[in-house]
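Enquirer: Based on the hints, put chain W with the ligand in the right spot on chain G.
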Amino acid sequence: MAETYAPRDADETRAFLAWAMAEEKPVEVIGQGSKRAIGRPVQAELTLDLSGLSGITLYEPEELVLSARAGTPVAEIEAAVAARGQELAFEPMDYGPVLGTAPGLGTIGGLLATNLAGPRRISKGAARDHVLGIKAVSGRGEAFKSGGRVVKNVTGYDLARGLSGSWGTLAVLTEVTFKVLPRAEACETILLPGLDDRRAIAALAAAMGSSTEVSGAAHLPADAAVAIGGAAGGAVGRNGQSATIVRLEGVPVSIAHRADSLSRLLAPFGRVERLGGAESEPLWRAVRDVAAFTPDRAPGTVLWRVSVAPGEGPSVVAAMAKAVPGSRAYYDWQGGLVWLCLPAAPTGTGAAVPEAGVGPVRRAVAAAGGGHATLIRADAATRAAVPVFEPQPAPLAALAERLKAQFDPKGILNPGRMA
Amino acid sequence: MTALRMPEPDAGVFARRAEIVRRLGEIVPGEGVIADARGLAPYESDGVTVYAQAPLVVVLPETVEQVSRVLAYCHQEGIKVVPRGAGTSLSGGALPLADGVLMSMMKFNRVLDIDFPNRCAVVQPGVTNLGITRAVEHEGFYYAPDPSSQIACSIGGNVAENSGGVHCLKYGLTTNNVLGVEMVLMDGTVLRIGGKHLDSPGYDLMGLIVGSEGLLGVVTEVTVRILRAPETARAVLVGFNSSEAGGQTVADIIAAGIIPGGMEMMDRPAIHAAEDFVHAGYPRDAEALLIVELDGPAAEVSHLIERVAEIARGNGCVDLRVSNSDAERLVFWAGRKAAFPAVGRISPDYLCMDGTIPRKELPHVLARMRAMGEHYGLRCANVFHAGDGNLHPLILFDANVPGELDKAEAFGADILRLCVEVGGCLTGEHGVGVEKRDLMPAMFDEIDLAHQIRVKCAFDPKQLLNPGKVFPQLHRCAELGRLHVQRGALPHPDIPRF
Ligand SMILES: Cc1cc2nc3c(=O)[nH]c(=O)nc-3n(C[C@H](O)[C@H](O)[C@H](O)COP(=O)(O)OP(=O)(O)OC[C@H]3O[C@@H](n4cnc5c(N)ncnc54)[C@H](O)[C@@H]3O)c2cc1C
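Protein chains in written order, with UniProt numbering: chain G, 1 to 419; chain W, 1 to 498.
For reference, chain G alone in the conformation it holds in the complex (with noise of 0.2 Å):
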């Protein structure tokens, strides 16, 4: 067992890590731990545990800005930025359900770290686009800043943006600062029941292309209709049809507008129905934390995460229904998400996935033109057999081992975490 090391504010955090890379003992960094189980599980002899880096140290609503140290619960943010009529503007999905842990756990540090976003990627980015400033500690045990607090800002290297989605491997962040932005006041989805994958794209490319400003754009095929809207109050899948889903938000008088001239726009793709409020927000919840699949509904299963060109996303699922039988997909992002379930264990249909389907997986990719996927769930054992995140051209990877040994040269930061 590891031993844990809980340092209360930067200064012991530092003090630890120079510690730590003059010994050269490797750590795992973690806030709540909330995302363990992505990625290569790390071989540590010690645990940095930054939970007690905790609070938020400046909030001015009228400036739109919210700073705190790292450690700090997501949600306690999200309700402090709620009670002023505010959010994180990227959405940021909650991997709890989806990996078989507790809901609501996170820090806003392992937020930036993993740059999360949600369904408003397509129109708002992920947590990169927002962060504003950071602090950190790198792997030489040295504390440095980057950024600032304001959204302009082209001073220096954009290190914040460097260290996002970095997975605590190159320094550990002691405080982060994001933009916040108004809360829509209101919210509606538009519906297309019954279409195949190809059909629900192009539906959704065309929604994307008008100027209705839609913040959410998915395709659930009918499994995962039917899953989602389980999760969700029914609002989906009730005929056991798929579920092309637009999302339009924004003041109640502009909505109305918006789904008119998107009803119209869309007419061509079948019928069209419009979803409310009360019922849109359980449904994009259960689009943005993958309900269709978590491990209750899917059992048996492992999850992978694509990222392709949107147009793209149906190739990878088709490719992959025909190399794996009994795959399942559905789509965020305007088809460019894809969140892929494939058997982990022999079905009846077909044999048992060797080493989660990795093979495969990256092939569809390839031929999609390229992107990326990261296998999201599947047992320790698995992990640490196929590399978890897509590997990088040679260069490429040469490059990032470059920065790595910048940053952090004895290897001490989350080794093997991202490989």
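Keep in mind that the hints were calculated from the coordinates and are not lab data. Quick reminder that beta carbons are idealized off the backbone N, C-alpha and C, glycines included. Certain hints may be false.
As the list claims (entries may be wrong) - Computed spacing ranges between beta-carbons, pair by pair:
1) W/Ser302 with G/Ala405: 54 to 60 Å
2) G/Ala256 with W/Ser325: 55 to 61 Å
3) W/Glu409 with G/Ala102: 55 to 61 Å
Said to hold, decoys possible - In the DSSO-like style, the derived pairs of lysine-lysine whose C-alpha atoms are separated by at most 30 Å in a straight line are:
4) G/Lys124 with W/Lys360
5) G/Lys410 with W/Lys462
6) W/Lys462 with G/Lys179
7) G/Lys404 with W/Lys462
8) G/Lys179 with W/Lys170
9) G/Lys124 with G/Lys179
Expert: Below, chain W with the ligand without anything else, positioned relative to chain G:
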């Protein structure tokens, strides 16, 4: 030109000039190499004309392979290279080095792929910012970041500077609108990062490259996100008799949950200069002018225009007009968009500053700037991206009056230090370049800067690409790599452990 400390020129490189010109001519045949004094002259400066330096030689490659071979050759020979786009930088980012090759990317001027269903365009770096919009507007699309220099500046330069524009308040900066790049490292390695998909499987290299001021690699292709143009856009033009009232209006609009497409402010000297130049009908007696543009569906825009007008009236505005046609909206903008040349007409020279401050500090900062202006005996006209607190004080001076340039520079530095003091930064969108390089310690300590330079070391360990920009001091990468190792017991024995 003012005294500017640049990296020590390499005498060996001067001695080999003829040989270097010949070798570059082999790699980029035809008219791709410029070596005569007259041909070099147009490349001596970028948008910051107070700095000028002829490069050793100019090379204009046309293919990625040529870029790669030129860089690999220079890398091997230890020759510095400065990339250049359209040369509109307002921070001296494309200022040549006497012993450096200037690589102009303006022959990379083709739009390669327009993909409406995936809402992106793949373009070469020499395509102008406006050129992208021109290429997609027939289908009702546009490229959102819109620097005032958009007719001229290149998308490669935009990527290097993480450029912004009036519409960035709602639609983000360059970094939020670029999906992928192809770039060539100093050693000639060609990399492709990102593409038509979102996010990266590894480190967010896109995030590091955008805004890196041409120090990490030469960008040879860019994939940008394009957006469907909003259904309508309308603007409100509001005059106030104090900048406080204008600033309060900006704060109240944001506090009401409204994020306008653009929200710009000008002070009295800027209003007058712009009005004299383009006759946009700006109120000459106002102390502050605010232009708020709302875009989106017509119903929403009308609704929000009303709310904005109410807020402005509540803050005692002295003049308020709402555009009723697109032509009228463009007239509202004409003065703002021409503010720099307008100020150029009323003063022989001006320096354009680019600090950002938290919005609420606006009245305080304006008052302090007025006091500084009196101290230096120089006038200053202000235009700002009010919505995001990005100031563009234009310091008026006459370079022919001995000492005025020095005074103007000192005034500018004081303004930028003030921006940092109130919680902002040295540059919001123009970049550090050489102009703000020596002010970096006002914002970052040595360890902060060392971590930035470490990124440079991962991309360009020999530091041959655009050296002398951004960082006040060049450290050898090997030196920076040295670790401060202190073995022994954990210095804070009381850190809780379990
Ligand atoms: C009148 C005027 C108004 C302006 N308004 C705005 C504004 O509203 N907002 C704003 O943000 N900026 C503005 N600018 C500044 C300037 O236009 C931008 O910084 C622009 O992005 C520079 O583009 P460029 O092609 O001219 O680049 P250059 O000036 O040629 O180069 C700028 C930097 O980019 C690097 N570079 C260029 N091309 C490449 C490449 N292919 N690969 C790698 N590095 C490269 C250079 O080395 C240099 O460091 C304005 C400038 C002027 C003169």
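Enquirer: Could you run down the list of hints and mark each one as holding or not?
Expert: Outcome of the hint check:
1. Range check, serine 302 of chain W to alanine 405 of chain G: about 57 Å between beta-carbon atoms, so the 54 to 60 Å window is met.
2. Under the hint 55 to 61 Å, the C-beta atoms of alanine 256 of chain G and serine 325 of chain W, about 25 Å apart, miss the expected range.
3. Range check, glutamate 409 of chain W to alanine 102 of chain G: Cβ separation about 58 Å, and the 55 to 61 Å hint holds.
4. A hinted pair counts as satisfied when its Cα atoms are at most 30 Å apart, and lysine 124 of chain G with lysine 360 of chain W qualifies at roughly 25 Å.
5. The straight-line distance between the Cα atoms of lysine 410 of chain G and lysine 462 of chain W is roughly 22 Å, inside the 30 Å bound, and the hint therefore holds.
6. Taking the CA atoms of lysine 462 of chain W and lysine 179 of chain G, the gap is near 36 Å; set against the 30 Å cutoff, the hint is violated.
7. With a C-alpha separation of about 18 Å, the suggested pair lysine 404 of chain G and lysine 462 of chain W falls inside the 30 Å cut-off, and the hint holds.
8. Proximity of lysine 179 of chain G to lysine 170 of chain W is assessed by CA-CA distance (about 12 Å); at most 30 Å being required, the pair is judged to hold.
9. Proximity of lysine 124 of chain G to lysine 179 of chain G is assessed by CA-CA distance (about 12 Å); at most 30 Å being required, the pair is judged to hold.
The earlier numbered hints that this structure contradicts are 2 and 6.
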